[in-house]
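**Student:** These protein sequence lines are chains F and B, in that order.
Just so we're aligned, residue 1 is where the first sequence starts under my numbering, counting upward by one.
Just so we're aligned, residue 1 is where the second sequence starts under my numbering, counting upward by one.
Note that these hints are calculated values from the structure, not bench results.
The reader is advised that the hints may include incorrect statements.
Covered, in the sense of this in silico footprint (three residues per stretch, anywhere, with C-beta under 8 Å from a C-beta of chain B), are these stretches of chain F [what the hints assert, rightly or not]:
1. 3 to 12
2. 27 to 41
3. 50 to 61
4. 65 to 74
5. 83 to 92
6. 105 to 118
7. 131 to 145
Predicted, not measured: the structure shown is a model, and the values here were computed from it.
A virtual CB, placed ideally from N, CA and C, is assigned to each residue, including glycine.
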Amino acid sequence: MDSFTPVTALIGGLLIGLASAVLWLGNGRIAGISGIFGQLLPPARTVVWRLVFLAALVAATFLTAQLLPGLGPKPELVSAPPSSDIPTPIWIAIAGLLTGFGTKIGNGCTSGHGICGLARLSRRSFVAVGIFFAVAVLTVTVTGVV
Amino acid sequence: MKQSLRPPYLATAALSGALFGAGLYIAQMTNPLKVLRFLDFTAIPTGGWDPSLALVMGGGLIVMLAAVQYGKRMERPLFNGTFHQPEYNHIDLPLVAGSALFGIGWGMSGICPGPAISLLAFLPENIWVFLCAMFVGSYLGSFVMKRIPREVVPA
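Between the sequences and the hints, there should be enough to build the whole structure, so can you do that?
**Tutor:** Laid out in structure tokens, this is it:
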């Protein structure tokens with residue numbers, strides 16, 4: 001388990017929890033990224049705070065990476081598994097489409113259901129989290145993408 | 001002035017987004033390969049499994065559980081009239097199918113929506129392909145959901 005990074009994982013997790021807490025107690029909003037992203041589209045009514053949130057997210061990722069460059073390698077997207085015969089951009093496009101579509105009709109992702117929903121003890125979120133984790137593990141096993 | 005355009009509301013959104021981005025990077029959840037090494041349970045017997053993501057979720061949950069409990073004793077959030085809490089509580093087909101489809105996408109790429117946005121800080125190859133596809137997928141999803149009344153789709 002050379003790649004296990006328990007200290008930074010826990011610190012990062014606590015910060016993400018704090019981010020969710022700030023948005024919930026300050027603005028009464030759920031820090032679900034798929035929801036914040038997905039509701040930028042018309043007929044969205046409250047676009048400004050969502051753009052501010054997402055811009056701050058990208059800026060903080062950039063600044064933290066400048067301050068702490070040693071935490072990990074420069075992130076790269078995966079290549080399609082050679083056995084799939086699918087070009088990598090198509091593989092990535094399919095993954096993105098499924099992520100966007102699935103989180104929209106399922107009303108949430110790893111943050112909205114996974115952190116906020118479970119913390120609110122939402123029945124729907126327990127079901128969603130169980131399903132997307134199980135299916136993701138199965139997908140990695142079947143595709144051998146790692 | 002609309003509540004959601006007032007400076008304290010927008011400052012709170014900025015603070016939350018910043019904490020979220022810093023947390024994602026420090027936890028290295030911005031690295032799709034690290035996420036996939038968690039999802040790859042086949043590596044458990046060989047010792048190559050990376051349990052980090054479980055600690056990220058656990059850390060986030062502990063703080064948010066406390067915040068939700070604290071929020072129950074507040075009449076309303078600091079800068080808004082009401083907590084925007086989903087009231088709908090049924091386990092229905094869109095929830096189940098949507099979560100399963102998202103699971104496939106997540107397992108194919110190691111990218112969920114938060115890290116997808118945060119990757120704009122690094123602009124790795126193909127990130128625009130993922131983000132544009134995610135945007136299109138989300139739009140198609142809202143199009144489909146508008147045509148399915150929630151009451152008639154029990155699981």
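**Student:** Check each numbered hint from earlier against the structure, then list the numbers of those it violates in ascending order.
**Tutor:** none
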